[in-house]
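Protein chains: 2
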Amino acid sequence: MDATPLYGGIEAGGTKFVCATGTGPDDVRAEIRFPTRGSTEALALAIEFFRTQPKLPSAIGIGAFGPVDSDPASSTYGYITNTPKEGWQNTDLVGPVRRAVGVPVVFDTDVNAAAVGEHHWGAARDVNTFLYLTVGTGIGGAAIIRGKRHHGLMHPEMGHILVPRAEGDDFEGKCPYHGQCLEGMASGPAIAARWKMAATDIPAGHIAWRIQAHYLAIAVINFIVTLSPERVILGGGVMQRSELLPMIRTIVLDRLRGYIRRDEITRHIDSYIVAPALGDRAGVLGAMALAAEAL
Amino acid sequence: MDATPLYGGIEAGGTKFVCATGTGPDDVRAEIRFPTRGSTEALALAIEFFRTQPKLPSAIGIGAFGPVDSDPASSTYGYITNTPKEGWQNTDLVGPVRRAVGVPVVFDTDVNAAAVGEHHWGAARDVNTFLYLTVGTGIGGAAIIRGKRHHGLMHPEMGHILVPRAEGDDFEGKCPYHGQCLEGMASGPAIAARWKMAATDIPAGHIAWRIQAHYLAIAVINFIVTLSPERVILGGGVMQRSELLPMIRTIVLDRLRGYIRRDEITRHIDSYIVAPALGDRAGVLGAMALAAEAL
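Those protein sequences? They're chains A and B, same order as listed. Using my numbering, the first residue of the first sequence is number -5, and each one after it goes up by one. Using my numbering, the first residue of the second sequence is number -5, and each one after it goes up by one.
Keep in mind the hints are simulated off the structure, nothing from the lab. Backbone N, C-alpha and C fix where the C-beta goes; we use that ideal spot for every residue, glycine too. Just to be clear, a hint being listed does not mean it is correct.
Label-pair ranges, simulated between beta-carbon atoms [what the hints assert, rightly or not]:
(1) 240(B) - 170(A): 25 to 31 Å
(2) 161(B) - 171(A): 44 to 50 Å
(3) 69(A) - 38(B): 57 to 63 Å
(4) 248(A) - 141(B): 46 to 52 Å
(5) 248(A) - 50(B): 49 to 55 Å
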């Protein structure tokens, strides 16, 4: 009767966990959310959720906050590794879930999971090579290349590219490693530190948004010329400020100065640099999409 | 007797053409070189070269100066497109060679061809995801991802990433499109314009090389965090200055500040950021490698 397999997803975020089962965004059959405290508690709640469903999922995907080990060939695949987060260092997420629920478990970073979600069900359904950038507490990027999540030697750490300063901006930067990398200049905490107020309290029209758009546009240009994506998706909490996306598009077009002659960019920038389509379920839907991809 | 197919290669450079046949770097059976004048002449000389060999190659690869159309699905695949170079605009290289020699012809940018050459026979034989950057009259980059030349929407234009200025450098930049992009700050002509002498005349120990190493190191960092390559190869005329490579390695390690925890980078930088291995035949060997890859 029901040919579509049931997917399970775990969004393992630094502040909240979301677990769900379903076949896609229009058919989420069950869902729980809880704040991220200790890892033992979180794993127990997630496992109980899946085991008490009327039907077990065919596979479970986990999209986790990092740093993680997402190399399937590694002995610590599925671990959150050297995180500063208390009680989460070197925590195996995949093993306990697989053993307790008894289905295949696929694992990746939260940003890679979100990108896979957009590829399956969201803003990147019609392309195979694209970039997903999330701008929030941190800045992370995922590249899907010819349909596959790109890893390479480690996994990309796109939030740490080094970008030219915005004119007149003398903020020292907030990244403990690189100071003035993209994340150090344009993450939510960077904005708050530069302007001494939460990003959400900064009014529309404030110069903060022009500076913010500068850093994100420069980063997007660098990703475009390096990765040659067919689409760029900009998500995350900071991007909820609706004035940002149009400003970024304008600066990208202006700074590229016609060097890239592709109609997809020069004539259709509004459908080239876009917002995610999956809204506030993007994380858990991304995790479910990891499961869908594995089946 | 001889099971290895014979490969043909055409390095179609902006200043010189090189044509060769052989089975690899240790077995180049014939070669001609001539200065790049008109396209009709160049094509006639190349075709004559292959047709007069004792044995026709099984396939011919062409690595061409750009901009090119390297999309096999395009009706102008194999064309040099909107180049400023007199007599070369909208020139079909693939069609005439295929018709006259009667073998399959594969086409890509010179930098992609060089990367494929290093993958087959050079400094990247043992990896499948790597970056090849050439620093000369222009700056171009090629990404090989899971063994394949990366194209995406257009093809990467890595020379045009935007990078922070070196301290104390007030050079206005030389890229007609972006001024201060990487190519605008660190190509051979940019060095010459900044210091008012040819790069080859600038002595060792001159601050020019520290500034040059800064721009290339920042670019390499950005490529590392974006593409997560297993190796970075730095070639091209400017990289012939032997002091550059060690300086770049030092700056890359210093600026990454331990954020990327991979022994391949932190402990073995000398085998992570390397020079090409194919020397002054890199161009035509790369073209031959395109043919090898296609067979």
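So, going through the hints one by one against the coordinates:
1. 240(B) - 170(A): 25 to 31 Å: holds (28 Å)
2. 161(B) - 171(A): 44 to 50 Å: Violated - the Cβ-Cβ distance for residue 161(B) and residue 171(A), about 19 Å, lies outside 44 to 50 Å.
3. 69(A) - 38(B): 57 to 63 Å: Distance hint for residue 69(A), residue 38(B) holds at roughly 60 Å.
4. 248(A) - 141(B): 46 to 52 Å: violated (37 Å)
5. 248(A) - 50(B): 49 to 55 Å: The hinted range 49 to 55 Å holds for residue 248(A) and residue 50(B), with Cβ atoms some 51 Å apart.
Checked against the numbered hints given earlier, this structure breaks hints 2 and 4; the rest are met.
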